[in-house]
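I would like the entire structure built from these sequences, with the hints used as guidance.
Here the sequence shown is numbered in this note's numbering, starting from 24 and rising by one per residue.
Treat the hints as calculated values from the structure; they're not laboratory data.
With a straight-line cut-off of 25 Å between C-alpha atoms, the simulated BS3-like cross-links for lysine-lysine are:
#1 K81 / K64
#2 K76 / K64
#3 K43 / K76
#4 K51 / K81
#5 K64 / K43
#6 K81 / K43
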Amino acid sequence: FVRNSASAAHVLGIEGRNLKLGFATADKAMMDILSTQANRKFVETLLHEITGKDWTLKLIVNEELASRTAAVGEHSSQDFKDEPLIREAIELFNARVRL
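Okay, here's the thing in structure tokens:
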């Protein structure tokens with residue numbers, strides 16, 4: 024669930040120690056899944072492991088964003104590093120993925 028929900032997100036930028044993720048109106052259910060305490064903690068821990076910094080997710084719905092849920096279903100078999108959200112986070116933080 025976390026992977027599909029995160030794939031629906033658009034990286035909007037950083038505000039202090041907050042990583043801002045936006046969701047299209049049609050993807051609000053995905054945002055709700057990602058915003059549960061357990062899922063939020065999982066993603067924030069993953070971000071900490073990748074960057075060495077503490078991050079808090081800031082999730083918002085933005086009517087101007089395009090839905091990514093159709094793309095998630097089409098590419099679900101791809102390697103996780105190729106997911107749009109993961110690629111954007113890697114670029115944003117100049118990170119490397121360790122397997």
